[in-house]
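A.B. asks: Chains as they are written, first to last, in our numbering: chain A, 1 to 603; chain B, 1 to 601.
Be aware that one or more of the hints could be misleading.
[Unchecked claim] Derived lysine to any residue pairs resembling SDA-like cross-links, with alpha carbons at most 20 Å apart:
(1) K468(B) with R205(A)
(2) K251(B) with V91(A)
(3) K104(A) with R236(B)
(4) K92(A) with E240(B)
(5) K237(A) with T137(B)
(6) K589(B) with R551(A)
(7) K92(A) with V245(B)
(8) K200(A) with Y88(B)
(9) K251(B) with E365(A)
(10) K112(B) with G477(B)
(11) K261(B) with R205(A)
(12) K451(B) with G477(B)
(13) K480(B) with R205(A)
[Claimed, not checked] Here are some of the chain B residues that sit facing chain A, going by a computed Cβ distance under 7 Å:
(14) F63
(15) L67
(16) F74
(17) V132
(18) R204
(19) Y208
(20) T218
(21) S265
(22) I287
(23) T388
(24) L427
(25) T435
(26) R472
(27) S548
[As the list claims (entries may be wrong)] Simulated DEER-style distance windows between Cβ atoms:
(28) E136(A) with T105(B): 29 to 35 Å
(29) L216(A) with L8(B): 31 to 37 Å
(30) L373(A) with T105(B): 52 to 58 Å
(31) D465(B) with D218(A): 25 to 31 Å
(32) A533(B) with E115(A): 51 to 57 Å
(33) D484(B) with K6(A): 34 to 40 Å
(34) D126(B) with S202(A): 27 to 33 Å
What the hints contain is simulated information worked out from the structure, not anything from laboratory work. Here a beta-carbon is modelled for each residue, glycine too, at the ideal position from N, C-alpha and C.
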Amino acid sequence: MKKKNKESFLKALSNNFYMLRLLWKACPWKILYTTLITVLDTLLGLVNLYFLRYAVNIAQTGGNYFDAVKFLCILFLIYVVYHIVTSCVDVKLQPYFTYTIHRKMKTMSLKKMAECELFCYEDPEYYNTYTRAMAECSGRVDAVFNSSITVINAGISLVGSGILACLIDPLVLIFAFFPFLVNKIRKKKNYLSFDLDQSKTSAERKKQYTVRTFYLRDYAAELRLSNISKVILRQYKEAADEIIRIYRSKGVRLAFWELLIIVASTFLSHSLLFAYAAWQTLGTKRMLYGDCLVLINTVARVSASIDTLNASIAQMYSHSLYINNLRQFMEYQQGIREDMEAPSAKAGDISLKHVSFKYHGEHNEYILKDISLRIREGEKIAIVGHNGAGKTTLIKLLLRLYDPSEGVIELNGRDIKKYRLSTYHDLFATVLQDYRHFSMTVKENVLLRRPQDDDDPIVIDALQKSGLYNRVRQMPSGIHTVLDREFDNEGEILSGGQNQKLAISHVYAKDCPVVILDEPSSALDPIAEYEMYENMIKACRNRTMILISHRLSSATLADRIYLLENGRILESGNHKELMDKNGEYAKLFRIQAENYIKGGDDT
Amino acid sequence: MKKKRDRLENLKNDWFMLRLIWKFTPGLLIWELIFGVLEGLNNSVQVLFIKVFYDYINNNASFITALGGIAGIFAFIVIFQIIKQYYYNVTRRCKRQVLEYRMHTELFEISKSIPISSYDDTEFYDNFVWSVSQSDTRAVGLMETLSAIILSSTSFITIVTLFFSISPALSLAAVAASILSLFIQKASAKIQLQSALETTPKNRKISYYERIYSLPDTAKEVRISHVNELIWDKHRETLEQIREVEEKYLKKNCINVMAGKILTSAVEPFIYIILLYQIMISNTVSISGLAVALSSFWALRWCLQDIVDKLVKLPEHGIYIKKLRAFMEYTVSSPEDAMVPEPFESLTLQNVSFGYAVNKPVLRHIDFSIKRGEKIALVGYNGAGKTTLIKLLLHLYDPVEGKILYNGMDIRKYACRSYQSRFGVVLQDFQIFATSIAENVLRDSYDGEEKASIIKALELCTFSDRLKNLPRGIQTGLTKEFDDTGINLSGGEAQKLAIARVLVRPYDIIIMDEPSSAMDPVAEYEINKNVQAFAQEKTVITISHRLSTTRDVDRIYVLENGEIVECGAHIELMRMNGKYAEMFRVQAKKYQEAAAPPVSE
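Next comes chain B alone, as it looks inside the complex (with noise of 0.2 Å):
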């Protein structure tokens, strides 16, 4: 019962996907449809074509007559070629692209309103992530079923009317073993399901051990550690397991396997018995007759298992466009009267916490308030919640409890778009993206428009001696993904671009999550500088490592296991001798104790 319902779910979910087709590339679903029929026409003119010319032979008929009829068979294919080439060379190709496109570009739109958050949800993530990659490959998939079915429906129709005019008697033998060896197969394919499943996750265990050894990114590691020795054992171990339960599989099915076999080719003998039977004994087929009903045999033999393995297929079609419309009905609370936010005035957290899974709590009751202007430090240990405190104000996340005010108000009342986008942010993990410096810097498609502020950006985070030796300068094109002439920055470099990144546009508020952690210390230094200069009037958000970074700004707030423990400014925090004041004399011992005087400039 439970099957049933099952299935009728995922063929509502093919439906699903048709809807989809039809709204992105009506054409093409049309096409295919067509495609279908004209496929099947053309099948069953080909049998009818050998009886028509058996027909000319047994009847005894002119030989201009019969080339008549050789004559027509040649122009149809000709003609049935011709249209069809050029729909799947050409027609049916590019419809797929545009189909494609257009769903992604749907697809990308609905994931970019969806909340960060929600990645963290395996499942979510899961069906994303395949709609993403896979959803075009299953609709061309779906579409394709589709036409076969349909083809194979109208040979399958046509040819058991030929075949019962000649044989009635055979044509329903023959259907019915077909129909026997469709049953076999089926329990067949429900145990090699079984296997399948059994051994999906240890074939991806192989396929992660052997991307080791392919990923630059473990190269060195195989090189100079024993790893891969142990690796290699893992290997090996995991296609044992897959060996042993395929092993398992193969035996429960051997019975089907063998009963399939045996009934595929040992019915042809029988159709021999029957037909001799009738030609010889009782007359009622002519020799003309058994040819015609053995190729239909086989024919109709083909059509029906055709017909049943697409009808299976459309159902599991419909298991992974499941993933596809769970993804696209995922949807988030926003509020409906969404508020475009002021320029900024304060932003306040009352009481926030926050966990990313239930019972572990990164951020404890934190009270914290920022004014316009002011410059403010997050520091304290790994894992004591500062990024994490950056992703809530950004409302990447919501607080499990408490509120964030903006301006005095819940900023889950604003439009999350236009909220963030007043603040401007280097994230510890940004990206960069393979198109142009200048794009990048932007993040936003560049129209020659802002060149000037662009330069004047990557100046201030002394990116310019690069730039100059760059000889299409700012649209020199980042990473060599698809880009020969791109360049790969190093790690300080991506972070000085990072960091141009919140100073080439107006932003209210700028957060920067460890900014500077890969530059030199000449880097490191000068880009403080500049950042300071320029964002003299800006609220500014910092969190590092190296206190020695932070110590001017007007407050510094200390975090230790998502609270937070101390808060002041520097010279106040060094007074009161806690938790600031250790981590400062560790970080700053060795400079002094090492450290000449100062030269005086």
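If we strip away everything but chain A, and leave its shape as in the complex, we get (with noise of 0.2 Å):
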């Protein structure tokens, strides 16, 4: 029991360690200066407490007033030269501090972040504990730094002001550590206050969705055409008694452990020191009386020094739990990784060989299954097939997004885990199906990378292609203007066309070998579709092309067409072959084109 106690407490030490030395690679010079300030800052502390007892004695014993005067002064003087200085050094440090570690922390965890696997975030639980103690780790440095200054400080104040008691009399420390017994019931409650609030999490999460529901604008009309919020309501409800139960349960068990680390604490460190002065004065005379006034001050002291040292520790428990999630992931090694040794990557033939993925875990089915296929270069491929077939999948793993469970990948006949990624994404121009822009300007957003000066007519140029230019032209600062209100009041909006015309312009402003379209028109109108795929037809015409559509009509485009079903491919070949074979294919094509074949004869 004991030794696990040592161990869970060396854990703590050594995970509060492990962010302290984030900290200090992050920025030195801050755990540099405020270690310094701190020390000042307690040190001149107790010059004060030193000065009760000298201030006492010389009232006692009548000594030179003046002399206390003169020492005074000094003091004084001492005090404003050192509020001066560290006034105007702040001005200059706090700030650079401010940025330098927000900057350092989050080049770190934002690097790592960008790393890990998609699964990450695809796994709520998975994504709850490493994400999210990634995106805290700025924040949490800060605390854990400020817990462990707290300890310096209580540690110097705890030192000096035991000093002071000694000299008076060594035997009242015994009250200034009694404190210490008072920590296994401390445990226990932090145990159960932090259990509480674990077990509340999921009715928490709970009622966070129904809130959000309640206002998020893209709920209201629905909320108004039905009922729904009868049923939202409802779960609110639930939440909330769910959480009121807990309390209930488990709360009063807090409070009676709380009460009991009170009581115990008022008993041993305030009543018993209490007693002991007046048995001493009162009844022994031993001590003086000035000796007693000092000696309880100093020992409040001493022990209030040994309270905040106990909480500090207790925080950095409590720390530890969350820099054990942040360090675990911080160690973890990635499945997908840039290796900056291996070979660039270079345009080519892709080829699948026997390739199947499924998501990690046991219960997981597989989404592909056995899919063999050759791109080759310049070729213009569509994958056609139901939803849920595995065609989006199939599309991750192209772009490396995951690696497949079983068999590989090639380029150029080299697996594409062998190339470095960086290079191997930058032959990829992807519109994604659920692509979403960012709140930058239109020019941002069309080529998502960093921007020159001459890049202009390559984004105009790409505009006009997706037949978006004529909106930006409209828009106030043209291809500068900034989109959506996050932050721009004057924002422009796109709807849901526009926005994937505006996926497609990235395509057009990207020189790279290979294009992948993932249902690239359905917010598109016919018109808009048409002519999509006429100028993407034209703008690919020496670049691989990837297409998946549910829309036949685009396939027939393809110079290979692969129908996936159930994560299987069931037939490849061009349209005529696909027609002639009169499979599955042919039965979908007609299904398609029935009502239009119907329509040509009209006309």
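Join these two chains into a complex; the hints should help.
C.D. replies: Structure representation (structure tokens):
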């Protein structure tokens, strides 16, 4: 039991040190400067305490009043100089600290987040523990540092006032150290309080969801047109009741232990001390009146320091839990990593060899099964199939957002894992199905990279090809207009179709050998869709193109069509071959074409 | 002058909030105030004890008397803590939860009655979002502030009395020094506020840039493009700006900070000078007085500081509560004698024009009518105004010009909710809710009664196969929001479910806005067939890009730039050889060119 405690203490200590090391790496000056200031502050506080004894002594023994005044004036001057210097230094240093720490810590955590597998985002549990830990790491580092500083502060104060108390009566130090006895109970309380917070997380989550549903614009129409609000309010009520139930059952226990802590520590370090002092002065009359006074003050300071020490150690324990997540994440070897040594990727044939894929975890089923296909340089291929057939997952594998569970994907005959990831990504221009633009300028959204001044023609050309330029031209600052109202009240808002055109513009603006389009026209009207494909085919004359679409009319343009069903390739070939084959593809195509063909007859 | 009025206004807002709290949980409010007094008394008793104890020693009282005093204070602390811990850990937490729940429920009720067009009013929307997400914490904060003011005032009064009895001169000096330092703080707080005002929008940018990395939506884009470098640059730029702003204001504030610190710490030597004078030279204070004077001096300092801090907080709370008040007092003119609409006969738009912003018309002079049992379709380019037209029909927005008549009567005369309940609607941006499939289809609470119709509706939408594989059937939870066994639907599946919503209950009119854009062709085909069969007697309005899905309707309206440019049945429009015919041919071309002649079955 004891050993386990020690271990967990060491673990907490090492976790906190880990965080401090991160801070040291980010900004050593912050640590040095703040420590210095803390030490000085504490020492000045001790001088005050020492002075109390001095004052009582000269008052009792009738020393020279003016000596005391002289001493006090010097003390006053020291204070003044000290505060002038630190205030002036703070003006420059504090903003620098904030800036450096935020910047450096975020560089580290965001880079790591950008590297981590997409899986981390898709699994809610994983997302909550690790991704959140990363997101809050720069706030946490401050908290850890503050706790450490408090420890130093309390430590110095403890030693100083301890020595002072010893000078009067070494025995009283016993009273000061009584709070240690309370520590065990405090740990129990901390655990209970942590347990209480933990047990209401799921109810809190539910509550937050309902609250969000009520104010988010997305849900507003649905709430008005139906009775769904009844359901949502019921969920809210359930969550609130659950939380109250937890408070009722666990809160009472928490209250009991907290009471125990306070009563025990009051009795041990307050009542007993006063009783001892009263005994010494009034009972045995061994202690002088002035000493009694100073003693009580000093011991109060000693136990206050110990309390602070205890509290900050408890804080460090709770930090430790968070840091643990962070640390595990930071030290976790990612599945997909940038290997700087690896060769750069160049355009060429892409082939999938017996590729299967499923998400991590036992219950997950295979989304793709034994896929083999070859995409020659410059070839246009289409991937068609029902919803959930695995089309988008295939794209994710091609883009190395995931690595296949089985089989290999090769570029120019070499496993794509063996290329430097960033150079591999540079080969592709992609329109994702769930594309979201950023709250930045149109130009930046089209380029999706650092813009240069001479990029303007490229951007305008891309926008013209995607058919969005007419809209952009009317915006107040043209391609330099900021999108969204996130932080610009004049920001322009794009409709779904316009958003899709913006995504397509990126493909035109990026000079790369492979284009991937995942349902690029779902929000476009027929004319826009038609024009989009015409332009895209023209622009991709010398590029490889991979298209995912429900609309088989667009698939007819492809050199080769793959029909996916339940994660397998069911049919492949060009349009004519597949129609001749009269299989699944032909059936799908006829269903879609039926109405148009009839329409054709009318004219 | 204006400032004063603002402050008064803010205090009135606080009062508004207190009345609300009183309305929802009067017990909580009373207890908070009582605890302010109790805590204040507790502090005072502790200071008083020190004095009593030193007096024992000074007067050489018997040890037993002293022990009695010590036991007395211990008993007091124990009793006080029993009440306090129970209150803080149980009663207060539960009551706060109740307050939050009741407050939110009220806000939700209000929000539902507010027209959706108000959401476009940024100020209103900000107020609304704030009210829902922050008002409960603000309510709790306000109560804590009030309680703390009471606490500090109670302590202040007792301690000043005590202090004054020891050394009147010193107690006055102490109060004066505290007041001086408060003035310095006030000046300093003003500068800090300016600094915060200037950095807030920048901090918002920072958190947006950081959010991009942590949101699943954007995570993919960050990986496959170079956009992270761009965001990175912006992140640094913004941080640098914040640093400059902070430096600027810290410089401005430097003198205040200095003066404040000196006043705080340098005052102690002065106290000693005066006290020692009174002890050694004038003999007006005893040595025990020294200790009590010192501890009461610091306690006084602390109390006064706290009172002022909290008094400043009061109007600050008011600034925020204003948002809540603005929201709760946001009134919508709705007709007093709203009518309940009769079953649907006809719907007519007369010369309707509309725009979300002035001078940016989305719809112009729309004339349009639909009778019971008719099937019509709205087609046209993106941004032609189709979805907006639907929103007007549903009375989610009011037309700027012209009238919409339901059974010949202006729709504004009907009670909004009961009018809207005539329509079964699939919105383009419909939402899936984190509850069971059954409740998602009903969009109402499910008690097992309508099981058959839910299953039927899902069957019509070709959802049955998926349903069969779900062990909990229509009780399966959707989304993983807070049900780990919940399922996430794909885009096409979600659309199927959305269509089931309009089939599950007998609506007069069915409106579907791009209902099948994410579906695969087979599903789209089958659902179309099923819906047509189901809705034979019903009135149906469909919006679609895919002209193949709308060719069999009674009448097609072609919208362009907010105007109806063509209208008629498919055959008529094809003969007319206008916009519609052009669109249709463009879409059909690929199919006609590529298709082998359809196999006749």
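A.B. asks: What are the numbers of the hints the structure violates, in ascending order?
C.D. replies: When the structure is compared with the hints, numbers 1, 9, 10, 11, 23, 26 turn out to be violated.
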